[in-house]
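Participant: Chains as they are written, first to last, in this note's numbering: chain A, 1 to 556; chain B, 1001 to 1326; chain C, 2001 to 2277.
Mixed in with the good hints, there may be bad ones.
[Claimed, not checked] Restraint-style ranges between C-beta atoms, simulated for each label pair: (1) V1075(B) to K2012(C): 55 to 61 Å; (2) H190(A) to Y1173(B): 31 to 37 Å; (3) I1115(B) to N48(A): 39 to 45 Å; (4) S1188(B) to G331(A): 44 to 50 Å; (5) H190(A) to S1179(B): 36 to 42 Å; (6) G1163(B) to K2012(C): 43 to 49 Å; (7) L1301(B) to N48(A): 36 to 42 Å; (8) I1017(B) to F159(A): 54 to 60 Å; (9) Y2104(C) to R1076(B): 38 to 44 Å; (10) R1076(B) to G259(A): 44 to 50 Å; (11) G383(A) to Y2104(C): 25 to 31 Å; (12) Y1064(B) to G383(A): 31 to 37 Å; (13) Y1064(B) to E475(A): 50 to 56 Å; (14) G331(A) to H1161(B): 55 to 61 Å.
[Stated by the list, open to error] Computed list of lysine-lysine pairs in DSS-like fashion (alpha-carbon distance at most 27 Å, straight line): (15) K550(A) to K1061(B); (16) K1061(B) to K1088(B); (17) K1088(B) to K205(A); (18) K1183(B) to K199(A); (19) K309(A) to K193(A); (20) K134(A) to K199(A); (21) K1088(B) to K193(A); (22) K1183(B) to K434(A); (23) K226(A) to K1061(B); (24) K303(A) to K353(A).
Keep in mind the hints are simulated off the structure, nothing from the lab.
Glycine included, every Cβ here is placed at the ideal spot set by N, Cα and C.
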Amino acid sequence: MIFKRVILCVFAFSLLFGCRNGAKEEERPQASSGGESRAEAPAVGGTNLAGDALSSSEIAEPINLIPAISSDSASHQIASYIYNGLVKYDKDLNLTGDLAESWEISPDNKSITFHLRKNVKWHDGEPFTAEDVKFTYEFMISDDTPTSYDGDFRKVTDFSVIDDYTVRVSYAEPYAPALNGWGIWIMPAHLLKGVSPSKSPLQRKPVGTGPYMLEEWDTGKSVTLKAFGDYFEGRPNLDKVMIRIIPDQATQFMELLNGSIDIMSLTSMQAARQTSSARYADKYNTYSYLDNSYTYVGYNLRKEPFNDKRVRQALSYASPRQEIIDGILFGRGVPATGPYKPGTYWYNGDVKKYEYDPEKAAALLAEAGWADKDGDGILEKNGKKLRFELITNQGNSTRSQIAEILQRSWKQIGVQVDIRVLEWATFINEYINKGNFSAIVMGWNIIQDPDIFDVWSSTRCGGSGLNFICFQNEEADRLLAAGQGSYDPAVRKAAYDKLQEILAEEQPYTFLYVPDSNTALSKRFKNVVPAPAGITYNFIDWYVPEGMRKYSFADK
Amino acid sequence: MAGYILRRLLAMIPLLIGITVICFFVINLAPGSAADMRVSMNPKYSETAREKFEKMYGLDKPLYEQYFIWLGKFVRLDFGDSFATDGKKVTEKIGERLPITVGLNVLSMFFIFLIGLPLGVASAYWRDSVFDRAATVAVFIGYAVPTFWLALICMYWFGVHLGWLPISGLTSYDYDSLSPAGKFLDLSRHLILPVSISVFGALAGISRFARSSTLEVLGEEYITAARARGIGEGAVLFRHALRNALLPVVTILGLSVPGLIGSSVIFESVFSIPGMGQLFYMSVMMRDYPTIMGILVIGALLTLAGNFIADVAYAFIDPRIRYGSG
Amino acid sequence: MARGRLLRRLNKNIILFGGAAIVVFFVLTALFAPLIASHDPGAIDMASVFLPPSGEHLFGTDELGRDVFSRVVYGSRVSLFVGIVAVGISVAVGVALGLASGYYGGWTDSVIMRFTDVMLCFPSFFLILAVIAFLNPSIINVMAVIGLTGWMGVARLVRAETMSVKNREYIIAARLAGLSHARILFKHILPNVLSPVFVTAALGMAGAILTESSLSFLGLGVQPPTPSWGNILTAGKDNIMFAWWLSFFPGVAILLTALGYNMLGEGLRDAADPRKK
């Protein structure tokens, strides 16, 4: 589910503002921490940690704060402060309880029983119960809910409320991604039941269970959140979160330098080149860690010459990944070898690698029957030149730069590439969905659950399916099904390891890189502890020592 | 006067119809439907959902029928529901943002007249002098400089480097807690950069126009006669020349509205001002057709209103118009 | 003596000549771009990215190590081309409609002029933005849409001129002599109404180049890798704080060109003004 959500975030983000920084909005861990780390928060001898605020920015106005019916990154980013799911990922990226204290999976792997927390309140003071979970499930699959995230929930065959704090969901087949899917933000039944969601006032005045509640939404300008005193993990330290809407990236960075915003996701270039000035370095820390996304070149496998594996392999060998990383990302990233993030549990580093090797590439093309007979520097086969269009969406300068580098280096092995940069809507509707393309430069987000069925299954080829390159491989299909069918990490890992080997051999994509995510954060925030999940996982425990506080509020 | 105003209003009706026709068809003849947009990259969006969407917004009817339905609503000032999933009506969305854009533009216009008029008159009076040339080149530079670039340079220089002015937005975070005077000061500080840049960019039109109409007046016989009678230069310039030169300048007011509104897209994006230009850009990128049409019509109506005010003002200053052939 | 007069004339028309000089400079740059450019504007050199201006790279290098000077020089071709085609379209449409309107009068005139009035009501940048976003921002669409939203001034001008010319004696004589409408329009009327069109065209060039840069800022202008001043400037703007040269030079090029055309147009108008003599 999160996968789809993230795709749509990327979609909406680039749609509105074209991913100018090239780094897609990652799925941030929800703004809360596990119960145990709360206890470890430094007890600064009785001083009051509460106070000050975090000033942040979004590149676009959030659309709707009932997150199920919005698909833009700003809405989801803000919703992450306001709502909780049943489960979440902890700082080490392990699935842990959020609104659910614990859960059990039935012996036949077909149902999950969640035991809910008992001390949770909605922002309006009502208690959170199993009814809310049931309602959220019904809400997701209701025809009145214009949501895009209903896929996982339609697989549920039975939903039963066992008591006020226990629910059980059942599936026809074991379906491992389901657990991750219950990270879906839970909606308040008492406020939404019987109301058409598109008419609900909650779209503008959300009520959740999360650490922050909406204080004010000033259209087009800002969204202000204030700490929720009855939050079940304790009141967050920072009194407020102020999110300004700043549509231009250059403006955002100036506001950062000026001290008007405290946190910002930097582009590789900003992180590499613009953080050395005293103006920045005195006030900000830069936190860099691998982003949850990868960038790739995808080939339309329905078309000549990409239906020939050797051609794809040759193009991969002729793609200078390291040069791209060094040049465009200023070294802030690592080569990708498949659809998982290096260093994570699911990643299989032991697959066929495609180090930059133009000679090997040329040899593969020759083996596939391509030769330059007329001496114009471009290879031919059966009278057809090896020439195609490489397209990407506009507004993302990183992707068009990659296209330009590839154009140059593929030219050296006799492949001529024409670059076309298309506006997002046209790119998707006229080219991708209609299968009307040769090769594209794109990116996917990497989610914590390893299920990648929608992108690689042969059943997702055609229409607006995400397997738009039409990768069809029986063994891969079998492995994808196996990965979904078991809750046992070892079994899943075996399946996905093998799948990565297949993808590496077949090269339906040339996997380019996984970039770093670079976050600038004002130094006045303390207890910021980088972990595999990034830095925001313990957001509610951040604090600003007295004396360093910047904002103060009369109406605490 | 009332009769004149009525005649002017009636003359606007065919224009209004023309505006709605163009808005509607330009938008609807564009390839790629809004329904396509909704299903993009979304495997779970079924075909029935698509039909539902089309029905909901009446997209299944023939185009001319859609036009009349839309027109019928428009007459009642109802632009329908936005396609964005924020559950708002188009009128509501525009209503939230229109005052900001109009307010900013009226403010800019005020300064454009305040600076542009005397500049133009002075240029004409000292025609071909160094001052005239310098003024000419200066106002053209204002027109010729890409606004977003100048804006970013100024934001960096005054906002970051010198730290004198806020960089973007209209108000500070603590605006609500400020005293009325503090609010005024805060708002003014935020407005300095966007308004100055907007004024700088639009001075050329007004000042050139004022210059040429002053030149025209200065060449008239009665001015020569006044001079011959020994009336002081100041009186010639202010009592005779300026007053007569002012008249045609009023008409440019209406003409400059579309340009100012058009440039609000850039301004509002750079300076993070939540106005209509920003909304228009977002709506275009989301293919939110009802909002796009609403804003186009409103934009055109503002121009009509500008022209109308200019006409009436003109008639007010110069009674000959009222009783003339018009 | 002669030199004195020349200087006086030059001085009197300094705006005109100044504008003309700038315009000629950039036209020559565009024409001889391959000779002027010091590097291949598309040549990527990842070993020398973000170099500040130097003897080797006059305007520095960009994020792919490309020579900014050469890109600006080649960009002049694209930008001027966009301007010329867009203005060409505006002038063609405007002249045709204006001639028809002024010459035939009556219903033709009413319909065309009402249509012109309606088009003048739209904030043209909104219209351009919407249409280009829907059609996809190719260079052809950018030129066509800018052209098709900029003809109204020309149409009005040509109509007014046509109306004043069409009742002159030689036109009436030509009509009595049985010349076809087309012949009268193109042979006798058109040449007489063209001079104010040049003024508008010059101003239109400036407008078209600026509009392209605004569109680029919103990501809807000429698309990279084709270098236009607008997209070079836009690519550079995010680095305005540490690599000023990326946006400075294309920005100045746009500024100077638009200024040049404006001065040229203004100078032409002034020179044509009989009161000036």
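Participant: Where does the structure disagree with the numbered hints, that is, which hint numbers, in rising order?
Facilitator: 3, 7, 11, 12, 14, 15, 18, 19, 22 and 23
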